[in-house]
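**Student:** Sequence:
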Amino acid sequence: MASSIISFSYLANVLARRHRASITAFLLKEKNSRSWLTDRGLFRLYRSFNADRFVYVHLSSSQMEDRDRLFESLYPMLKTKRDVEDLQADGVWFGDLLYDSYLMACRKPTIDLEDEDFRHALRDALGYHVFWRDYLATGRVKAVILSHCVYYEYAVLLRHAVQRDIPVYQSNASHVYHLSRERLWAYDDFYDYPERFAMLSAEEQERGLWMAEERLQRRFSGEVGVDMHYSTMSAYTRPNGQRIIPESPRIKILIATHCFFDSPHPYGVNLFPDFYEWLVFLGNISERTDYDWYIKTHPDFLPGNKEILGELIRRYPKFTLIPSDSSHLQLIQEGINFALTVYGTIGFEYAALGVPVIHASLCNPQIRYGFNIHPRTVQEYENILLNLHDQKLDIDIRQVLEYYYMAFLHNSDDWLFPDFRRFLQEVGGYYGQMGPESYRAFMESFTPERHKRIFEGLDEFVSSGEYRFHYSGNGELQ
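Those letters in the sequence shown? Residues -18 to 459, by the numbering used here.
Honestly, I wouldn't trust all of these hints.
What the hints assert, rightly or not - Ranges of calculated distance between the beta carbons of each label pair, as one might list FRET restraints:
id: 1; residue 1: D371; residue 2: D115; range: 51 to 59 Å
id: 2; residue 1: G351; residue 2: Y168; range: 18 to 26 Å
id: 3; residue 1: S54; residue 2: H0; range: 33 to 41 Å
id: 4; residue 1: H432; residue 2: Q406; range: 37 to 45 Å
id: 5; residue 1: F35; residue 2: R379; range: 50 to 58 Å
id: 6; residue 1: E187; residue 2: F35; range: 50 to 58 Å
id: 7; residue 1: Q406; residue 2: E187; range: 43 to 51 Å
id: 8; residue 1: W191; residue 2: E228; range: 24 to 32 Å
Calculated directly from the structure, the hints in this document are not laboratory data.
Yeah, the Cβ is synthetic: ideal placement off N, Cα and C, and Gly gets one too.
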């Protein structure tokens, strides 16, 4: 991603200066004739910000033998999906990374231990494990910069580095995170929201709550992209007058599904190893209850999700699929009593509208607040679902507003570009930042003064050891 490379250029030079080190870039595959032509262009780009060489992930013959020995010892031990999730090699945990990489690369909804693609993914992940284990053992690496924390191609390096107490950073055009043994994932600063909010002045707290309320009103009015740069359509359009949910005296449940292939573990381990297993569990619960069960998909699902969901709905006839463009406002108006998600944004959205949401993860972004229901085990989750008539939740709207302010408004996205939202508009939207137009946009906004502020802000962040670069827009840590 082009915009991420710009962020790498700043952070890499801050770290190189601090550690008196050189900058080395790494590629995920060994050099071959086709990739070499491409990588030579990348080399010129990286050399422009002082990177002096590339490292290719390439195994020696002895490393390949080591990888194969590990495969032969570990694969027979994998009996369940939880075994995959918990998998370690040489004391380094990478099972969650393998899980997410397999689902995305193979477009599978869940793990199939007998699948040849899974065996290939395991062997490949072990190759990365062996390579980075040996590379970091030299003791020459002082810091690591990554673009992702959830796929083994990148994050096996992360897991090895933090085991050796090497500082690791995930960096892109809107965020910078410092990762460690205690904090393996980016974007889980939600664990700190209550404490950080309490540190604000009373005036800023009230201003933040007012801002959050105003933004939520805009979101619920149907405005597209309110604090969601990637959004292309609103899920909160006005009711269309044609009823979606039939009237009935039964409890009505909305299941807000996730993309089956898209990283179940971005924040950690959930109550279920993947979204498919979660829906199978809910399907079995549906057969034991007298509720009305409705499923709403995300409108931006990857291809293949629809067919998998169709198979589940045929298996569990109490599930009813409603149109993906159905307005949440209309669904609530028509009587949805509870919403279910693993860790989705519906957690705060439905809470703001007075509807209880039950999560299937203790790693969900709303976990530090009491406006959702957070079962701690599968058994507790089952008991809650079987006894929804007994569930009472007093939703504190002030907590919802506090969460929203801390999640979307308190920290600026403008650390690299003077106006990140405007930058995205200039390059054609969220995915446009991956292309070369990002370089042009950056150079057009470049000034020596801003260049200096970015360096100084990052240097202070690295020195602080903080988890997140809390950028206020003026080069200062908040």
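**Student:** 24 to 32 Å was suggested as the range; check whether the CB atoms of W191 and E228 agree with it.
**Tutor:** Given about 38 Å between the Cβ atoms, the range is violated.
**Student:** With respect to the beta-carbon atoms only, verify the hint that H432 and Q406 lie 37 to 45 Å apart.
**Tutor:** Since H432 and Q406 have Cβ atoms about 23 Å apart, the given range 37 to 45 Å is violated.
**Student:** Within 51 to 59 Å: is that where the Cβ-Cβ distance between D371 and D115 falls?
**Tutor:** Holds, since D371 and D115 (Cβ atoms, about 56 Å apart) stay within the stated range.
**Student:** So the hint says 33 to 41 Å: do the beta-carbon atoms of S54 and H0 match that?
**Tutor:** The hint (33 to 41 Å, Cβ to Cβ) holds, given that S54 and H0 are roughly 37 Å apart.
**Student:** For the pair F35 and R379, does the Cβ-Cβ distance stay inside 50 to 58 Å?
**Tutor:** 52 Å, holds
**Student:** So does E187 sit 50 to 58 Å from F35, Cβ to Cβ?
**Tutor:** 52 Å, holds
**Student:** Do the Cβ positions of Q406 and E187 conform to the proposed distance bound of 43 to 51 Å?
**Tutor:** 31 Å, violated
**Student:** Between G351 and Y168, does the beta-carbon spacing fit 18 to 26 Å?
**Tutor:** 22 Å, holds
Against the hints set out earlier in the document, violations occur for numbers 4, 7 and 8.
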